[in-house]
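Q: Here are the chains, one letter per residue:
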Amino acid sequence: MSFINYASREINCKVVFYGPGLCGKTTNLQFIYAKTNPDLKGKMISLATETERTLFFDFLPLALGQIRGFKTRFHLYTVPGQVFYDASRKLILKGVDGVVFVADSQIERMEANLESLDNLRVNLGEQGYDLAKVPYIVQYNKRDLPNAAPLDEMRRLLNPGGAPDFEACATVGKGVFETLKAVAKGVLTDLKRMAR
Amino acid sequence: MPFVDTQLVLFDEDYRKVLGVCERLARDAHAKGVFVVDKNGLLMAEAGDVRGLDTTSLASLTAGSIAATGGLAKIIGEEEFPIHFHQGARDNLHMTVVAKRIILVVIFDDRSSLGLVRLRVKKAGSELARLFEEIQKKSERNRNSATSPFAEITDDDIDKLFAD
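In order, the protein sequences belong to chains A and B.
Just so we're aligned, residue 190 is where the first sequence starts under this note's numbering, counting upward by one.
Just so we're aligned, residue 106 is where the second sequence starts under this note's numbering, counting upward by one.
Just so you know, these hints were derived from the structure itself, not from any lab.
Be careful, since some hints might not be right.
What the hints assert, rightly or not - Some but not every residue of chain A turned toward chain B, in silico, with C-beta under 7 Å:
#, residue
1, 210
2, 257
3, 337
4, 362
5, 370
6, 377
7, 381
Unchecked claim - Mimicking DSSO-like on lysine-lysine, the simulated pairs with C-alpha atoms at most 27 Å apart in a straight line are:
#, chain 1, residue 1, chain 2, residue 2
8, A, 260, B, 243
9, B, 179, A, 381
10, B, 179, B, 137
11, B, 265, A, 232
12, B, 265, A, 363
Quick reminder that beta carbons are idealized off the backbone N, C-alpha and C, glycines included.
Put together the whole structure using the sequences plus the hints.
A: As structure tokens, this is what we get:
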């Protein structure tokens, strides 16, 4: 649910990075945080366990510039990927404007990817959203690993609807900003469509 | 029941009213700061001496905290825990869910008291509930009208944002 504030001339949107445990959601946000001009970002918050697994969420506020005199601000969230944190994932999806599904390219994580994608569909559905209608991007992360599954296979399994998708290696930043730009553009285009 | 939040639009006039309630509450409760936060973690208004505070993070974490305890409430059969109080060594935090949609946050120290804050929050909360009901109705009425800034935005505008 975007929020338009005429007093401060701001548009605020919420984007959630979803995906199985250890797929690289937090790494995406960390890279964005590290490479963004300090004037354009707020503090990054990570509610994580002592072993740096996301416990509740990571949060990064980001300013993208102005459109027609309105500052566009994106609030980026990650969910905890581990299966048993489902209650937390549902809470974080509330009011979402756009979703990035970060898939782990390692062939042995394909089942975890599918399970997480299914979980995303169910959790969005519980809140009245349809994945096919929400601005949605798929990122195939960890493409640099030797055990990465073939891209065609991943597309067939994880992106049958043909959403915009990107190959990535979030640890070095490959594909990270491409993904962010695509989801931000998708959200803004969707808001424009709704306004008509 | 599935529920998709509608887009919230806050016009100048409504913002001033919300801000007025916050400023009055900050004054009457002798609070250091008062914040109105959307349940999705967006800061809508602030009053008092909030210099040096990371208000964006405060808003996000407030919403996260309310969401998490709301989940706990449901587990034990409650709909929500509408009032939260966190006591610190110096500063205290009082959070109230208003109209199921927004969170009223008050930061106060020993110049005030929990009793006074509760009393003032109750009145301000009712005013905000009424205001946000109007704002919500207005947002829904305007949802498909040309008053949205997005109605004027072109594909070029969006592309320009990502030009570099």
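Q: Residue 265/B and residue 363/A were given as a pair; does the straight-line alpha-carbon distance stay at or below 27 Å?
A: 22 Å, holds
Q: Is the shortest C-beta separation between residue 381/A and chain B less than 7 Å?
A: 5 Å, holds
Q: Taken at face value, is the distance from the CA of residue 137/B to the CA of residue 179/B at most 27 Å?
A: With Cα atoms ~32 Å apart, residue 179/B and residue 137/B exceed 27 Å; violated.
Q: Checking one constraint from the list: CA of residue 179/B to CA of residue 381/A, max 27 Å. Satisfied?
A: 36 Å, violated
Q: Does residue 370/A pass the interface check with chain B, least Cβ-Cβ distance below 7 Å?
A: 5 Å, holds
Q: Given the proposed pairing of residue 260/A with residue 243/B, does the C-alpha separation stay at or below 27 Å?
A: 22 Å, holds
Q: For the hint on residue 257/A, does the least C-beta distance to chain B fall short of 7 Å?
A: 6 Å, holds
Q: Regarding the hint that residue 210/A lies at the interface with chain B, is the smallest CB-CB distance below 7 Å?
A: 19 Å, violated
Q: Grab the minimum C-beta distance from residue 377/A to chain B and call the hint holds if it beats 7 Å, violated otherwise.
A: Holds, about 5 Å.
Q: Regarding the hint that residue 362/A lies at the interface with chain B, is the smallest CB-CB distance below 7 Å?
A: Hint violated; residue 362/A Cβ to chain B Cβ min 16 Å, cut 7 Å.
Q: The hint names residue 337/A as touching chain B; please verify it with the least Cβ-Cβ distance against 7 Å.
A: Where the cut-off is 7 Å and the nearest Cβ of chain B is about 28 Å from residue 337/A, the hint is violated.
Q: Would the hint linking residue 265/B and residue 232/A be met if the CA-CA limit is 27 Å?
A: The hint holds at about 26 Å.
In summary, the structure is inconsistent with hints 1, 3, 4, 9, 10 from the numbered list given earlier, while agreeing with the others.
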